[in-house]
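Just so you know, the sequences run in chain order A and B.
For the record, in the first sequence the residue sitting at position 143 is 142 according to numbering that gives the first Met the number 0, with numbers rising by one throughout.
For the record, in the second sequence the residue sitting at position 307 is 306 according to numbering that gives the first Met the number 0, with numbers rising by one throughout.
What the hints contain is simulated information worked out from the structure, not anything from laboratory work.
If you're wondering where the values come from, they're calculated on a predicted model, not measured in any experiment.
Each statement offered as a hint is correct.
Okay, derived cross-link-like pairs now, BS3-like style, lysine-lysine, Cα gap no bigger than 30 Å in a straight line: (1) A:K168 <-> A:K376; (2) B:K181 <-> B:K201; (3) A:K130 <-> A:K255; (4) B:K181 <-> A:K429; (5) A:K508 <-> B:K322; (6) B:K35 <-> B:K322.
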Amino acid sequence: MGQTPHIAVIGGGSTGAGIARDLAMRGLDVTLVEQGNLTHGTTGRMHGLLHSGGRYAVSDQASARECIEENRVLRDIASHCVEMTGGLFVKRPEDSEEYFEEKLEGCRECDIPAEVVTGEEARQMEPHLAKDIDKAISVPDGAIDPFRLVVANAASAQEHGARIETHSKVTDLLVERGEIVGIEVEHGSGPGKRVHGTAGGTEEIRADYVVNATGAWAGRIGDMADLDIEVRPSKGVMTIMNIRQVDTVINRCRPKGDADIVVPHETTAILGTTDEEVEDPEDYPEEQWEVDMMIDTLSELIPMLQEARTIRSFWGVRPLYEPPGVGSTDPTDITRDFFLLDHEERDDLPGMTSIVGGKFTTYRMMGEQISDHVCGKFGIDADCRTADVPLPGSEDFSVLRDYMDEFGLRSPIGRRSVERLGSRADEVLKTDGPNPTVCECEGVTRAEIHDAIEGSGSDLNAVRIRTRASMGNCQGGFCSHRMASELHAEYDEAVVREAWDELLQERWKGQRHALWGEQLSQAALNYALHATTQNRDRDPADGDPVDFSAFDAGRSRAGGVADADVAADGGTDGD
Amino acid sequence: MAIESDVLVVGGGLAGLTGALSAAREGADVRLVSYKQSTLRQASGLVDVLGYTPDGDGPLTDPFAAIQSLPDSHPYRTVGVETVRDALSLFDEAVPTYEGGHTDANALLPTHGGTVKPTARYPAGASAGLASDDRDTLLVGVEEMVDFDAPHVAAHLGAAGVPFDVRGETIRFPGDLRADAKVTRYAKLLDTNGEVAVRGRKVPARDALAQRVNPLLEGEARVGFPAILGDDEPGAIRAALGEKLGVDVFEVPMGPPSLPGLRLEDALFDALDAAGVSIETGNPVVDVDGDDRVERVFVEKNGARIPNSADQYVLATGGFVGKGIESDREGVSEPVFDCHVPHAEDRYDWFETELFGDHAFARYGVATDDDLRPLDASERPEFDNLRAAGSVLGGYDFAAEKSGSGVSIATGYAAGQRAAQEAR
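The shape of chain A in the complex, shown without the other chains (with noise of 0.2 Å):
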């Protein structure tokens, strides 16, 4: 093995990215392909909890040991992906005494710094808890942005050399002679960055190793080459609700089960979860009874809940895999650890290993593991750097000024742009041009947006999760066709409005779960401003020929005078 061995990464989701970074920092070739997006699959959808390791303290130790010292590893190099809330283990008078008592043991048993506070204490810390909530243990639970993770973790990847190829989705496994050589991918539009309308094409992807880093999906890619990889897929639900009725993790301290845990992100709180077993991790039902059991039970926590107005719910598909024999039935007994399945090792067929199992909070650990696993292939000995080496944006974190002189900008707004920014704050913010506000209710600005469409390309929902913008209550309704004229800029008008339709559809179907009270009204106005006054819905350019002739030219033409000199209206004042 003379040369840099050749590494191909199927998912861009927090592992395949994490291992993508990992790798090309030790050195190696490294081509990462995703069927959508950045985050498209598992990573896109989960609460954004970062684990203290609280929730596996009683029934899964080792997880709960990985948990807190990656939660250490990340705040550390993601620092601007990262708010340390905290987080509570809350108790109701039901709950159990004794499952408390193990859980605070669990956690000191961890290393995970535990503190029970009382309820008094507990809502003097969160003042919308339930009046009985008995008592609480005290975590360094934590909120993450997965999205804004996996994109520093790309771009660092880049950075070493990595080719990044999203919307480029596995066709087949290359097998030749007994043994995997690579992999056939299709591209939505052409190698590199997203551009809508531009032909795509099948490309052989040649390499020395492939990691099939697909989580919920890596069964299938087992089927490209008859490998039996038996992950079992299981949903989840989550609300978002339009404010952040609490600032710390609320966990429910009982033993399992739904709709038991509450995770502030930027300007929203997130309620999670369910766990049910499906068949196919794209095509599952969405059902209401989940979203309503989210605001039922947790209400029990936060009786404001009940009121609240929420913006839109998701699901997410967890990868979850137990090993052959072990006959889980419920998947919530199913292990949150993670496996590593040499495909030589377990069936025979050298160049492939497969990363199924496991959490995104543990996800740079994962890489790091599977990344000796394939340097181990090669004889490669390169240490981990991961751990030690800050990602991109939060490298400096000292150097924060005042926004609002430096970039021009209101400053709630600057605040904000910076802290999603972090360390690339200064190259990002500064521009020659004015830098309004694109999207209001995330206070993002048109340098954040034209910064983004530089990483993604033409797919403005790529520009969304990197900044956030259409995110907030209003969920595109006003910024929608801001943002689809600021990638005018970069890309002609045919290619912007398959963009922008792709991202108000996306919207949409997020909302759909949450089309009662405020968010109802939010969406017949969303609804009256595209339709109504854009006529977005019966767009002339996307249907057929209008006869302009046959309608009214104007009272002062109808007499087929045209006079151009002549104001329409005598220039009245008063209308």
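With chain A fixed as given, assemble chain B onto it according to the hints.
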């Protein structure tokens, strides 16, 4: 003692204002109470009557001809096409700065989203911009304004097949408005024609704006701006710009806060004042007394409940957007008079999967008898002396049909007129 009137209109949007005006024109003593800001500030200010059929056919050239084929439950069918015409005549008379009344044909107007849409009446400020007029057009956007990107709108209009050449240019607005200034700031500056600094010299704002645009003209006969050309003096501003540029000047309607919508609201309030309607804004109706008839309603003001009684009542509180129709996870309701709102029991039947699908919620509102009286669940009038108008009515999707303003004007007119006649 209750405040008394012949007719009490609840709601201050297009339907309520038209209803109050038509009742007053019938000679009734009319009082109007409204609570929330009207949705006119969110509307484009265009008066659509009917642009598309409920099946999506269109754009329709003749909205009046299409009314006959609407389903029976549509509010236009309830009032009839002649009432729609009469109502528009009242509107044309009350708001003389609007155009379009010279023909039955719809006009096509450019939208700030870059499409064109069919509408029946348009403010004078938009009339030089008709897309059914074939003169070449320059659109001018403002660098700091994210709601109107002129090159993008122009390219989109081109793709929509407009019968003229259209270009977009972007300028920096003269003067020292900050990057995210609201449209009202631009309007104010042009209204007052205040002096702005241009290369060290003080120049009136209208001149400075014309100077920015002049070198960009390439022989176009008309120039369109986003709807920021003044709140109080839009005609004078357009005339001044037009004269300096040697072109016709128009505005492209925009989303909220919409100056054309606010100007229309002002014009209608002026007409109500002239007609002697008494108006109280900012206070909600919190309770209703009555069984078969509404006896009185209570308006909450500074914590006190003030009774208002009338012979006839008009409900014009709007739809979901205006909060005249409300919902929770269990169902849909009308909060003021608690009128029945027919709706699917399962809230997952309220919408379609597709963004612009045939959403049931868009047609939710009260159902009425032929006299516009809201019906209860057993299809009897909720009250003998209560009529409904505008978006609080069900049975039509104003956004898909482009019929919102027309239905509000027609049903407001009819409800107000009938209320006044009955109050005699």
